[in-house]
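Based on the sequences and whatever the hints tell you, model everything.
2 protein chains.
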Amino acid sequence: MSGVVETSKNNVSQAIAEISELLGDRLSVSLAVCEQHGDDPTWNPGMPPDAVAFVESTEEVQKIVRICAKYETPIIPFGTGTSLEGHISAVNGGICVDLSKMDEILEVNAEDLDCRVQAGVTRKQLNSYLRDTGLFFPIDPGADASLGGMAATRASGTNAVRYGTMRDNVLNLTVVMPDGEIVRTASRARKSSAGYDLTRLIVGSEGTLGIITEVGLKLYGIPESVVAGVCPFETVDACCQATMMAIQMGLPVARIELVDAEHIKAINEYSKLSLDVKPTLFLEFHGTKLGAREQADSFSEIAADLGGGPFETATREEDRAKLWQARHDAFWATVHVYPDKQRLSTDVCVPISRLAEIVALVQKDMQDNNIYGPIIGHVGDGNFHVIMFCDLDDRQELANVNAVCKRLVENAIAMNGTCTGEHGVGLGKKKYLKAEHGAGLDVMAALKRAIDPKNIMNPGKIISL
Amino acid sequence: MSGVVETSKNNVSQAIAEISELLGDRLSVSLAVCEQHGDDPTWNPGMPPDAVAFVESTEEVQKIVRICAKYETPIIPFGTGTSLEGHISAVNGGICVDLSKMDEILEVNAEDLDCRVQAGVTRKQLNSYLRDTGLFFPIDPGADASLGGMAATRASGTNAVRYGTMRDNVLNLTVVMPDGEIVRTASRARKSSAGYDLTRLIVGSEGTLGIITEVGLKLYGIPESVVAGVCPFETVDACCQATMMAIQMGLPVARIELVDAEHIKAINEYSKLSLDVKPTLFLEFHGTKLGAREQADSFSEIAADLGGGPFETATREEDRAKLWQARHDAFWATVHVYPDKQRLSTDVCVPISRLAEIVALVQKDMQDNNIYGPIIGHVGDGNFHVIMFCDLDDRQELANVNAVCKRLVENAIAMNGTCTGEHGVGLGKKKYLKAEHGAGLDVMAALKRAIDPKNIMNPGKIISL
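In the order they appear, the protein sequences are chains A and B.
Numbered according to our numbering, the first sequence spans residues 1 to 465.
Numbered according to our numbering, the second sequence spans residues 1 to 465.
Mixed in with the good hints there might be a few duds.
If chains are identical, the list can't say which one is meant, so a pair holds when it fits in one copy or spans any two.
Here are the simulated lysine-lysine pairs, DSSO-like style, with alpha carbons at most 27 angstroms apart [unchecked claim]:
# : residue 1 : residue 2
1 : 430       : 406
2 : 434       : 63
3 : 434       : 218
Treat the hints as calculated values from the structure; they're not laboratory data.
This is the structure:
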């Protein structure tokens with residue numbers, strides 16, 4: 001094809017024909033494949049794309065984007081499909097770009113504590129590759145997500161209180177922009193004042209401004225000593241108070257996770273443990289042998305002052321691994337409590353001084369509405385999840401769950417917090433952005449229009465144009 | 001005035017008349033005031049604005065922006081005038097908005113480790129206000145800059161290696177956008193995935209996308225123990241090697257600053273000290289009593305392995321203050337070496353593994369060209385400054401200095417670094433952005449056009465439209 005091409009709007013079959021020529025059998029239009037790529041583990045409305053492209057290079061993504069731009073066909077990037085707010089739902093159809101075959105670790109610069117990976121590399125893959133270098137990548141959202149997807153959704157997780165989120169740990173990105181230009185957002189320098197922060201613009205943009213194909217990341221030395229432990233408290237409030245005190249006194253906790261009593265009960269059954277069925281903090285401290293122990297001792301004192309404890313610690317790797325596996329299994333553990341119900345996993349984040357209050361509010365709200373909703377949280381950041389169980393055929397229960405969720409978000413925003421600490425906006429949180437951002441939402445829309453004037457990049461997510 | 005107004009392009013006298021009505025004698029057209037507001041301490045070409053508005057509130061800034069938007073009159077924000085790349089030069093004339101009277105500390109939320117200040121509050125003012133709370137704000141670019149200006153230029157300085165830059169420490173901003181809308185970029189939550197990162201878009205935008213009027217900042221607990229010290233080495237290379245080893249082994253240094261022998265000589269004279277005239281690292285460690293001492297001891301070992309030392313430390317606050325005052329005075333100390341010459345202070349930042357190499361390259365280049373150019377650096381980040389002395393009337397020397405500076409930047413970019421680690425772009429570094437960002441520069445231009453279509457916000461800085 002050459003010369004000027006008359007384009008017809010969103011001619012998806014023409015786009016599929018041209019991409020098929022490019023990828024051969026790496027373009028699938030099988031309904032099963034398409035459905036699997038358009039639906040996430042939540043009850044956000046899934047919608048299959050018209051085709052799924054299994055790409056192998058930035059240049060292939062560039063060619064696909066150019067074809068889609070020509071036909072104004074939507075493009076939805078896909079990593080591991082573990083996002084939780086309907087991010088991958090192809091609401092206007094189009095081409096899903098599956099990056100999982102782009103799974104090469106391109107470079108590890110041990111002396112600079114950084115690396116560069118293709119977007120489909122998962123965090124566990126990276127850490128297992130790094131094992132012999134003495135380095136690790138800390139961000140851990142639970143799921144073994146792709147690093148491109150984690151950047152796109154500004155993921156964080158249990159370690160964020162110490163190491164930050166993807167916002168803080170992405171050094172630079174390679175992005176295919178909606179016009180097909182390939183942009184490298186920044187150099188490998190640790191800091192720069194050389195113009196607008198394109199890296200941070202793309203991190204958290206959920207595929208609506210471009211497709212991330214490579215990710216430069218900060219790495220960290222594996223700490224000399226790691227102390228992990230669990231500490232039960234009488235009340236959720238006491239857990240929150242202990243968290244606040246630890247943060248306020250500058251204790252450099254690496255993880256501090258709240259698991260409520262409902263969750264502990266489920267975990268005990270699922271993971272064959274015998275933890276006290278009480279609101280519990282799971283903690284981890286990183287440092288020198290002396291330093292990590294000193295931190296753990298300081299926390300012990302805080303806990304005792306609040307009537308909590310005993311703070312039981314483990315330093316052996318297998319014991320720590322078992323403990324964190326139990327924490328990560330918390331979500332799955334609860335599934336078995338009401339196996340026939342669906343689960344709405346939502347998250348908010350507030351200033352830590354308001355944490356105890358908002359947790360109490362949502363607990364009471366759920367109790368008043370007869371909803372089973374365990375709470376689990378990265379409380380060092382003021383961020384927590386509520387996993388509400390619901391029989392989707394029970395319209396009253398569904399309405400109640402949605403209403404509780406809405407009040408939770410409204411309370412978070414009223415407390416100068418955010419409607420989502422780490423899950424992202426996708427489809428699920430769009431309706432709250434005006435309340436949270438006000439005129440800022442218009443700025444976001446202006447950015448989207450400027451970068452993606454044809455609205456082909458994951459349309460309908462974050463912002464409707 | 002009401003109804004539809006016919007606008008004439010850049011009718012600055014009309015804009016001045018309307019702003020004058022608003023501010024009375026807080027709008028100055030005095031040549032002395034205008035000249036002082038259009039020229040920075042460098043030899044970037046200064047240009048006075050047509051008037052200077054001393055504003056007192058976000059709402060006043062909003063009104064001024066609306067007037068300027070109507071007449072397409074340029075607006076240049078001004079904090080303390082200590083930026084170093086011609087940021088405040090009114091290249092197209094217009095109104096300078098001086099925010100120094102907006103110096104109120106609006107709230108300190110000690111329990112959340114955050115605060116909110118008006119943009120004109122300086123960092124020293126904030127820290128002296130915080131003294132009794134046990135908290136501090138770490139970012140320290142040397143000058144007692146305004147926090148709005150520091151956010152606008154993505155400032156950092158000696159503490160960045162431990163605490164990050166303004167990118168990492170601004171929680172949220174209040175910004176008057178080019179259309180006069182007031183945007184609050186984010187909540188007080190420590191993390192959020194709720195849409196595009198407007199905070200990071202504005203941080204480092206140098207007044208080209210809007211005027212920052214309020215700044216929300218992270219605070220930190222004053223460490224229990226601080227150990228500071230100086231450690232001489234035989235060569236700059238050994239200093240760089242020691243820095244690399246400390247960073248690579250994960251030593252949480254709070255400051256690690258390279259001062260070359262030329263600087264030490266000047267400091268000894270200026271600050272009446274008797275430091276060894278050798279390349280020297282100035283260091284600081286924060287932690288518990290035990291932890292800070294453990295860190296200092298680890299560094300001592302590194303230094304000894306590289307033939308450096310002795311590492312002499314101080315823990316008493318007055319001794320530490322004297323030491324850091326000497327480090328901060330380094331710039332002024334060198335002025336006295338060639339009092340009749342001007343100084344070009346430039347900065348670049350590279351991956352730390354390339355630090356020793358690029359420092360050696362620029363030192364040799366200056367030697368070959370007979371330029372006196374002390375080097376000083378935040379080497380833990382791979383960031384350093386070269387202060388080149390020049391007789392501006394000596395055209396050959398000026399050409400040589402500019403050529404050395406150009407080669408330094410080109411080397412930094414070739415090493416996958418950046419043309420500026422912390423000074424910003426302004427006028428001085430614009431010419432290097434294409435080489436550093438490639439197609440990314442077009443994305444920056446698209447952002448600028450989308451947010452500021454009339455190009456009234458600090459026009460000519462970062463990007464020419």
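So, going through the hints one by one against the coordinates:
Taking identical chains as interchangeable, the C-alpha atoms of residue 430 and residue 406 lie at most 27 angstroms apart only when both belong to the same chain, with a minimum of 12 angstroms there against 47 angstroms between chains. For a Cα distance limit of 27 angstroms, the shortest separation of residue 434 from residue 63 across copies, 24 angstroms, qualifies, whereas the shortest one inside one copy, 35 angstroms, does not. For the identical chains of this complex, residue 434 and residue 218 are inter-copy neighbours only, at 25 angstroms across copies versus 33 angstroms inside a copy, given an alpha-carbon limit of 27 angstroms.
Against the hints set out earlier in the document, no violation occurs for any number.
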